[in-house]
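Order-wise, the sequence lines are chains A and B. Under my numbering, residues 1 to 468 are what the first sequence spells out, in order. Under my numbering, residues 1001 to 1235 are what the second sequence spells out, in order.
Because the hints were derived from the structure by calculation, they are not lab data. Even for Gly, the Cβ is constructed at its ideal location relative to N, Cα and C. Please note: incorrect hints may appear among the correct ones.
Stated by the list, open to error - Covered, in the sense of this in silico footprint (three residues per stretch, anywhere, with C-beta under 8 angstroms from a C-beta of chain A), are these stretches of chain B: (1) 1020-1033; (2) 1044-1052.
Unchecked claim - So the derived label-pair ranges between C-beta atoms look like this: (3) B:VAL1203 <-> A:LEU103: 52 to 62 angstroms; (4) B:ALA1031 <-> A:ASP339: 57 to 67 angstroms; (5) B:HIS1189 <-> A:PRO299: 37 to 47 angstroms; (6) A:ARG367 <-> B:GLN1012: 32 to 42 angstroms; (7) B:PRO1161 <-> A:ASP180: 21 to 31 angstroms; (8) B:LYS1205 <-> A:GLU97: 52 to 62 angstroms; (9) B:ASN1027 <-> A:ALA349: 14 to 24 angstroms.
Here is how the chains run, residue by residue.
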Amino acid sequence: MAEPLLGCQPLVAHYVAGSELVSVGSWPVGPAGSAGLDLGGGVELDVDAARPGCLVGLTIELPSGDSRGALPGGLRHGLDLLLGPGCSDTLVALLRESARDPLRPATARLTGNGGRSAASGSVDSPDQRGTDGASYVAPALHRAAVAYGVACAPGTPPLVRAVGMLEAAAELAAIGGVLDVDGMVGRDLRIGVDLLLDAAAGGIGLMHGGKAARAFAGLLRRVSRLNAGQSLASARLTSLARDFERGGARARLRIHDRHLDAVAGARPPPDHRRPALPAADRLSPPRRVPVDVGSLPGPLAEAGLAARRTGAAEVEVRIDGWAVRRGGLWARAFVAGNDSLLSVAPFRADAGDAVARLLVPPDAIRRLEVDVTDRPEMPRPSPALAATQHAIHLGRSAAQAERLGELTNATLRWRQCARQWARAGDDDRAEAALAFGDRGAESLPWVDRRRSHEPVPPLAVDLIDAGQ
Amino acid sequence: MIIYEQRSPAEQADRFLRSSAGRALINHILATNRLPRFLADDLRQDALRRVWAATAETAVAIDNLGGFVATVLHQAAVDIVRGRVRGPQAMDWQQVIDLDAAGWGWPFDGALPLDVEADAVAGESLAAIRRAIHRGLAVDPVSGAAALAYLTVAVDGAPVPPDCPQPAGGATATEAAEWAALWYAGHRHCFAGPAVPTASPAVRKRRSRLVRRFRDRLTVTARLVGLEPEGARNG
């Protein structure tokens, strides 16, 4: 049988009594958080976002209801392919046992020979998770997970989203003969092509002859082969690839030599823009509305963002230069000091900026607080959670800079990441972030140096995101 | 006004999560995911939101509350360690669902309590409706945004700025509030623009569908928080 797609010794499987999930833990997630990948059939994979060759864990959803005791054949086969027959046998035994006796917690230590070293009936400490073994994730899986992480982050420009989805599809297709991922490949292709054609209609700004343009053209060719069943789409993608390789012969594709942001709608060319002042400084204090900057997700924390009263019952929220990145973002108005949501509004493009207008109760307009989010349904985060989210974002930026070979930038980002983890009260991850910045993965004893520590090359989505 | 007192799955989950067993479970899930204990309250709130979202609009029977809560707690914790980055499924939802399609929403008829007796729906009830809309924003944030804007005009009496489209003379205050709600929720495509001063039949039809959707949502939400139109009508 072929080598398993995941390798880590030992793995520990947990079943929490009564729940519908079994989590198989390998390595505690590092300072950049994890990148997730839904493998279908109720199985999700998480890899370390900074060291994607390190497996964080698997989550397996048990069949519910009357079918609980019978594991689908596809699930068993998938676990065999992921973990190898030895670990899979032990895990399936735990799944069956949990299905038979759902009110009893269970833990099992999975080893390659099928042995099981922890008795069921007791939930062990997470500290018992193995950290003494090797870790390995098949490159196609971890590259797809990282591509999703970049593509789906808040404030991601449409072209980057498109490339991330297409790259994930191309990576998953590479293991399509092993795992049943055809549905995900089809979905990602459809979303990616739709986003790409939208982005192409507005002009794609990549430096001609740069790494990003070359990687982009290569990705389009890979994807066009996947799309062979749809000849028109395939021909269109091949044609786009050819345009980029030739330097943009077609009039529909406007190849710019500046960063992607400069392509934003009616925004004036960057050299002629008004002097960049912090947005908050342009507002007179009485009209300014406080923004909860601590809770801004992802790169929004570094954006110029301001809110002001524009009427008796209206507040305008403006993000400087974010017109192309506004997709999926929402402004929210709360009563200051509590979680009562009064208004939520999407962002629109306004001369290169992203602008949202919030209609609020007139008697509350002087005691409002505003935030911006891509998850409008979520409650406002506590300061500790906001710091955690910011730390994870900074860790991901650092990891991306490492993949791109920008080591100075990576070190700076790891230090910022460490400060945020310290602010969140997680000294272990703060220390790990500093270690990543100072010494790299050599400091990590659990990494399998034969395989996991090989330098991770940049993804196409990294190069496009960086505008190289 | 009739306000029902019944214990929903979300209320039962809230009670469980505040118990010692619930707190222990939260701490266990945090430890399993190596997350600091300071995040216990965030995790609890997120789990409650997930329970509410899973059970509010469907008659789902929860056989084992503790197990169900453990599942959503685990999902919430994984979401945190993933940096709360949405998966590709969320992008698929944005792409596939046609928000302009007829019949997408909640098929409820009947008067909206807010129209009948807006003054009575102040204070705690209004706050409860807003909280329920907030929790439901994962499903259709655009309709939720419109519903909140509608409340602000219809109940709080917010003035509508002059650049917001207004229905022609003779329209009711309710209709004016509906237009403002759609405008602030970003539905600019259902009004006449500078280039086309008169809305086409297709635009009017689209506007009517969108109004219907957010009003359906408000009706369902009002019922979820215990307000019934009959009660509002009869005082």
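Hints and how they fare:
no., hint, result
1, 1020-1033, "holds (count 6)"
2, 1044-1052, "holds (count 3)"
3, B:VAL1203 <-> A:LEU103: 52 to 62 angstroms, "holds, 57 angstroms"
4, B:ALA1031 <-> A:ASP339: 57 to 67 angstroms, "violated, 26 angstroms"
5, B:HIS1189 <-> A:PRO299: 37 to 47 angstroms, "violated, 29 angstroms"
6, A:ARG367 <-> B:GLN1012: 32 to 42 angstroms, "holds, 34 angstroms"
7, B:PRO1161 <-> A:ASP180: 21 to 31 angstroms, "violated, 54 angstroms"
8, B:LYS1205 <-> A:GLU97: 52 to 62 angstroms, "holds, 57 angstroms"
9, B:ASN1027 <-> A:ALA349: 14 to 24 angstroms, "violated, 45 angstroms"
Against the hints set out earlier in the document, violations occur for numbers 4, 5, 7, 9.
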